[in-house]
Each structure stands twice: as structure tokens, then as C-alpha cells.
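Number of protein chains: 4
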Amino acid sequence: MKTLDELRQRLRQFARERDWEQFHSPKNLSMALIVEAAELVEHFQWLTQEQSKKLPEKTLREVEQEMADVFIYLNRMADLLGIDLLDAARRKMEHNAKKYPAHEVRGKADKR
Amino acid sequence: MKTLDELRQRLRQFARERDWEQFHSPKNLSMALIVEAAELVEHFQWLTQEQSKKLPEKTLREVEQEMADVFIYLNRMADLLGIDLLDAARRKMEHNAKKYPAHEVRGKADKR
Amino acid sequence: MKTLDELRQRLRQFARERDWEQFHSPKNLSMALIVEAAELVEHFQWLTQEQSKKLPEKTLREVEQEMADVFIYLNRMADLLGIDLLDAARRKMEHNAKKYPAHEVRGKADKR
Amino acid sequence: MKTLDELRQRLRQFARERDWEQFHSPKNLSMALIVEAAELVEHFQWLTQEQSKKLPEKTLREVEQEMADVFIYLNRMADLLGIDLLDAARRKMEHNAKKYPAHEVRGKADKR
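Chains as they are written, first to last, in the UniProt record's numbering: chain A, 1 to 112; chain B, 1 to 112; chain C, 1 to 112; chain D, 1 to 112.
Just so you know, these hints were derived from the structure itself, not from any lab.
The reader is advised that the hints may include incorrect statements.
Because identical chains cannot be distinguished in the list, a pair is counted as satisfied if it fits within a single copy or across any two copies.
[What the hints assert, rightly or not] Result set (EDC-like, lysine to aspartate or glutamate): computed pairs, CA atoms no more than 20 Å apart in a straight line: (1) Lys58 <-> Glu39; (2) Lys99 <-> Glu21; (3) Lys54 <-> Glu39; (4) Lys2 <-> Asp84.
Input sequences plus hints: build the corresponding full structure.
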């Protein structure tokens with residue numbers, strides 16, 4: 001699986017084969033997405049920032065799986081809503097580049 | 001911007017130019033990610049599932065921007081942790097395919 | 001345990017006895033709180049709204065426990081920050097009553 | 001407003017006067033609750049743990065309002081589901097006291 005398009009195709013098939021399309025409204029998928037995001041947060045809740053940068057291999061593999069879940073639901077939702085995530089990210093970054101000019105915000109916390 | 005790799009490169013540069021690398025610990029990025037996920041959820045909180053499938057164009061454009069934000073933080077975090085999201089998603093889907101065989105779970109709610 | 005004040009006292013003692021005060025920064029507690037909120041959301045993610053109003057007894061008991069966890073972290077955090085939750089809620093409701101006059105917003109979705 | 005019971009009464013009336021009961025399914029309220037929890041997290045996302053312990057007065061007042069919102073939705077949801085939050089918290093703490101005996105977990109991160 002090499003592209004987001006291929007991922008979306010597979011997710012469509014996965015849901016169809018299980019008759020899960022009935023559960024996959026954008027509303028429900030937004031809930032599933034935030035639940036997975038929280039499972040990611042859970043790994044970091046009691047760590048210091050420094051510890052979070054040097055995760056033990058086992059934790060890193062768990063974190064990777066939670067990130068995969070977020071990624072999966074985000075792409076499933078994007079597919080249903082007809083959203084191109086790479087293109088949306090490109091436009092958001094152009095917007096952010098204007099909103100936070102490097103020389104003005106340098107070293108100040110990201111307020112996005 | 002055509003690939004996830006290109007997105008990661010741009011996010012790296014964006015943070016570097018603003019001296020934001022100091023804020024971008026995995027711990028902090030997991031918080032930023034869930035905050036954006038919640039801004040996505042907010043759009044759907046009072047909608048019925050049917051309404052969430054037929055968003056007005058204006059809401060859809062806002063939803064798209066929140067999804068872009070989640071996507072951006074997810075890719076930024078993946079870059080810092082050395083995680084390949086497409087590959088992690090592929091492996092997670094293979095795992096899910098075994099865990100939820102189509103003939104067993106058909107029509108029952110996704111329990112991921 | 002009859003009052004919020006008693007709950008706060010017990011939470012303080014619970015953390016002290018376990019030497020958990022070192023983990024309980026407001027930052028970390030906000031993360032723990034949202035993780036518990038997501039465990040609550042997880043129970044509802046694939047349900048219809050109607051189903052969410054008629055939970056099976058077993059699910060209701062699990063939901064109750066997740067709500068207890070959110071409540072616990074919220075009170076722990078309030079204690080550390082010197083916040084009186086009942087008083088803060090009272091003031092917020094007075095603010096909301098002015099912001100959303102009943103005759104203006106009747107039947108329109110809560111936009112808080 | 002001195003008690004949780006009084007808060008619940010007021011929340012009921014607030015929703016009734018605005019005809020918002022139609023939006024207040026447990027599913028939707030769990031979404032509203034996590035959205036408010038995320039607004040709380042947002043205040044802390046780029047802070048160090050030390051900074052989160054010494055919030056400027058203005059930030060503390062904003063944090064207080066977000067906590068009030070979480071508290072409001074939690075109590076509204078508890079009312080609809082017939083849950084007594086103080087009693088549920090008491091039982092959860094008794095459960096936690098057995099699950100995490102002080103002498104065993106002392107100084108190890110809270111794994112709730």
C-alpha cells in the first residue's frame with residue numbers, strides 16, 4: 001500500500017465486507033477518531049516532555065498503532081466527505097504561513 | 001505537494017523557521033492533535049447522523065480545515081517519531097482483518 | 001462521601017499516599033481527564049441517539065464508571081488550581097443565560 | 001447554588017426553556033463534554049508542567065470557565081442517565097484503592 005488513494009480503497013472494501021457502512025456516518029467517525037487520539041494521548045499523560053522524546057521500543061510500537069488508528073479513521077472520513085487530505089493540508093499550511101510569519105512568531109508558542 | 005514525504009519536509013521547515021521545535025515534543029503534539037480532533041467533533045455534536053452526511057458547503061469547508069489540522073499534527077508527530085503512517089496503517093488493517101473476520105462481524109458494530 | 005469538599009480531601013490523600021503528586025501537574029491532569037472523557041465517548045460512538053437513551057444495564061454501569069473518572073480528575077485539578085467548580089458553574093450559567101436568551105435560541109442547537 | 005442537586009435542577013430548566021432537550025441525548029452530550037475537555041487541554045498544550053502550575057491570572061480564569069463547561073455537561077449527562085456522581089466517584093475510589101495499594105504503586109505513574 002503506497003498511496004492514500006490505495007488506503008481509501010482498502011478502507012471502503014473493509015467496511016463493505018463487514019456491512020459497517022451503516023455505522024460510518026461522519027458524526028460517528030469523528031467520535032471514533034477522537035477516541036483513538038485519546039489512546040495516543042494516554043501513552044504520554046504521565047511522561048515528561050523529555051521522556052516522550054525517548055520512548056522505549058515497546059511503547060513506540062504501541063504509539064505507532066494508535067497513530068495508525070487515527071490515520072485510518074481520518075482517511076475513512078475524508079473518503080466519505082470527498083476531501084483530499086494532502087491538498088487540504090497544503091492549503092492550510094499556506095494559510096498558516098501568512099497567519100504566522102516566521103519573523104513575527106519566532107520562538108513564541110504555536111497558537112494554531 | 002503530492003506525497004506524505006513532501007508534507008513532512010514542509011512541516012519540518014515550517015517549525016524550524018519559527019523556532020517551534022522546542023514546543024514539538026511528542027507529548028505536546030499529542031495534545032495539539034486531540035484539540036484539533038475535538039474541533040472536528042464540535043461540528044457534529046448536535047447533528048443527527050443523517051445531517052452529518054449532508055453538510056452545507058460552508059460547514060464542509062470548515063470540517064475540511066479541521067481534518068487538515070489533525071492530518072498536519074499527525075504527520076508532524078510521525079516524522080519526529082520515525083513512523084511511516086501508510087505502512088503502520090497497512091499493518092493495522094492486516095491485524096484488523098484477522099481480528100474481525102468479515103463473516104463473523106458482519107453488521108455488528110465495529111469494536112476496534 | 002457527601003460533598004465535593006470531602007471528595008477533594010480524599011483525592012489529595014489518595015495521591016499523597018501513592019507519591020503521585022509528582023505526576024499531577026495541571027497539564028498532565030488535563031490529559032488524564034480527556035482520556036477518560038474519550039472512554040465515555042467510546043461507549044456511544046456506534047450507537048444511534050435513541051440507543052444512547054436506553055442503555056443496557058451493563059453499559060450504563062460502565063458509563064457510570066467513566067463519568068466517575070472524569071469527575072475525579074476534574075475535582076483533583078480544581079483542587080490544585082484553587083477552583084470552586086459549583087461556583088464556576090453558577091457563574092458560567094449566568095453568562096450563558098445572557099448569551100443565549102431563551103426566546104432567541106429556542107429550538108436552535110446549543111452553540112456553546 | 002450550593003449543591004450538585006441544585007445544579008442539575010437548573011440545567012434541566014435551562015434546557016427546557018430553550019427547547020434544547022431534543023439535542024441532549026447522552027451520545028451528543030458525550031461529544032459536547034469532550035469538546036470542552038479539549039478546550040481545557042488547549043490551554044496547556046505548549047506549556048511545560050512547571051508553567052502549568054503557575055498560570056497567569058487571566059489564563060487561570062479561562063481555565064476555570066472551561067472546567068465549568070466540562071462540569072456542566074457532566075452533570076447534565078448524569079441527570080439524564082440517573083447517575084449520582086459523588087456516589088459513583090466514591091465507589092470508583094474504593095475500587096482504585098484496592099487496585100493500586102499505596103505500598104505497591106508508590107511513586108510509579110498512575111495507570112488508571
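Going down the list of hints, with the structure as the test:
1. Lys58 <-> Glu39: Only inside one copy: Lys58 and Glu39 sit 15 Å apart there, 23 Å across copies, limit 20 Å.
2. Lys99 <-> Glu21: between (38 Å within a copy, 18 Å between copies)
3. Lys54 <-> Glu39: within (19 Å within a copy, 27 Å between copies)
4. Lys2 <-> Asp84: both (16 Å within a copy, 11 Å between copies)
In this structure, none of the earlier numbered hints is contradicted; all agree with it.
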